[in-house]
Amino acid sequence: MNGMLKPLAPVLACCGLLLAWQLASLGLKNDSFPTALESLRAIPPILTDKESLINILASLRRMAVGFSLALAFSIPLGLLMGRSRATAAFFNPLLMLIYPVPKAALMPIIMLWLGVGDVSKTLVIFLGVSLPVIYHSFEGAKAVEEKMLWSGAAMGLSPSERLLRIVLPAALPEILTGCRTGLVLALITMVTSEMIARQSGAGNILFNALDMGQYDTVFAMIIIVGAMGICLDAAFEIVRRWLVRWSEPQFDMPLSFS
Amino acid sequence: MGVTPIRPGQLAGVPLGRRAATPIIEIDHVSQVFKTSSRRDHIALSDISLTVGEGAFVSILGPSGCGKSTLLYIVGGFVSPTSGIAKMKGKPITGPGTDRGPVFQEFALFPWKSVLGNVMYGPLQQGMKASKAEALARTLLAMVGLTGFEKFYPKELSGGMKQRVALARTLAYGPEVLLMDEPFGALDAHTRTRLQNDLLDIWERDRKTVLFVTHSVEEAVFLSDKVVMMSRSPGRIREVIDIDLPRPRRREELLLDPNYQRYIVEIERMFDASGDNELPS
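Line by line, the protein sequences give chains A and B.
Going left to right, the first sequence walks through residues 0 to 257 as numbering that gives the first Met the number 0 numbers them.
Going left to right, the second sequence walks through residues 0 to 280 as numbering that gives the first Met the number 0 numbers them.
Everything labelled a hint here was simulated from the structure, so no lab data went into it.
Keep in mind that the hints are not guaranteed to be accurate.
[To be verified] Subject to a maximum C-alpha distance of 30 Å in a straight line, what follows is the list of computed DSS-like cross-link-like pairs (lysine-lysine): (1) 90/B / 5/A; (2) 131/B / 146/A; (3) 141/A / 154/B; (4) 141/A / 128/B; (5) 207/B / 86/B; (6) 128/B / 146/A; (7) 207/B / 5/A.
Here the structure is a predicted model, which is why all the values come from computation and not from measurement.
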């Protein structure tokens, strides 16, 4: 693609999508399928409504907490598993068991035990984010060149120093790949958890609007949540690139918006 | 100068080093057996005894699979021998230490650190002040010819430059022995020659003990005081040859020196005779 057009490509794709939506909606004339313009017009009222903003911010806060806790737990665990066969042998079967279970399916039990508040929702986000981060940290740590660790050992680094100061940075490109997947999963589990435990949050606004037949609000919320995802992912990608600016190009993500 | 015949190979275990200096590394009846999942175990090293004198440049020369790198890793403390013992200055080697500095074929630089950061890493780890470590690193980088590349990341360097950084990084923490594991094996012929020349120039300054693993006969003869010839299956020492060529050595002079050529031919002939003829020449 030519250089001028490339940065505009996502914008053009957006416009195309909205246009197709507008035309489809006008053609179908269905109450539950508002036009793109109607849905876009419903966005400012949501974003200026104090109640809605509090809900959306609460969602983001839970997501941030769940995501951060998951990284704090999963990165060290993954790195340990990658460098210690015993740790990997212990945790691998457990993770294989948990991996295919949709984390939102655990929501009813978690709600039963921990209620419908922040704790339950944050826990589901934590679970959703953890697995890809553990997996990528594990793979990254496993792939660290032995000679690099030997070089560190010859300089007098203890095993724990090597884990923190060689394995962690060396595995960082792979770890961040897992974090990026984790971030998108955090958003997904956040919305899902709020649809199940309807008490507050962006997912709750969406379903309340659906109950009341405010379809333009439903679609507006989908756009808002989607835009949040795209912005978070793009922001994370900027941070990721900066953090691994030293790494070989083979670690570059195939998906990116720039 | 006349052509002197190569003395019949000294037996393994006889102290090495031009001046018969105090031994710095002693390898005493070391064997290394690797468990394999199928069939019989692989004997990488069989009853190796070798003494390296302080300040000697000793090459371990052999075909691939003769266990020469494993021997170096044992001295480095990265691998424990199945039996036997390796000692550094009389003390048994139980693990890696700053007294023995490795330089690997794979460079093993820290890719997240700049060139300067890589070279400063060891001194900082030893508690040197940052300003002092930086000055030391800059001096060493100048010595290996990399002034101006301090802020570069390893990925931005060529193979030869990476190995120069790796050498500077190892020299920075002041090991008494350099353990070089086919350090120029991944480089093209031209770069390899230049690094050999520069390594000798650097070595001439302080004559640190060097244990140098290679499969190139020319490289071993050009650099070393002693060449330890190994054979494989199982890996053992078959000959230790003194390289009695004047120092400091200059490639242009050596290439015209019949003694230099003679060492190469003789060593190649010995490998051929044993059937270990997979040495690329």
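- residue 141/A paired with residue 154/B [C-alpha distance capped at 30 Å]: holds (21 Å)
- Message: Hint check: residue 128/B vs residue 146/A, CA-CA at most 30 Å. Holds or violated?
- Response: Within the cut-off at roughly 27 Å; holds.
- Is it true that the CA of residue 141/A sits at most 30 Å from the CA of residue 128/B? violated (33 Å)
- Query: Within a Cα-Cα threshold of 30 Å, do residue 131/B and residue 146/A meet the stated pairing?
  - Reply: Since the Cα atoms of residue 131/B and residue 146/A sit roughly 27 Å apart, the hinted pair holds (cutoff 30 Å).
- Given the hinted pair residue 207/B and residue 86/B, is their alpha-carbon gap at most 30 Å? Holds, at roughly 17 Å.
- Mind checking the alpha carbons of residue 207/B and residue 5/A for me, to see if they're no more than 30 Å apart? violated (57 Å)
- Message: Given the hinted pair residue 90/B and residue 5/A, is their Cα-Cα distance within 30 Å?
- Response: Distance of about 64 Å is beyond 30 Å: violated.
The structure shown violates the earlier hints numbered 1, 4 and 7.
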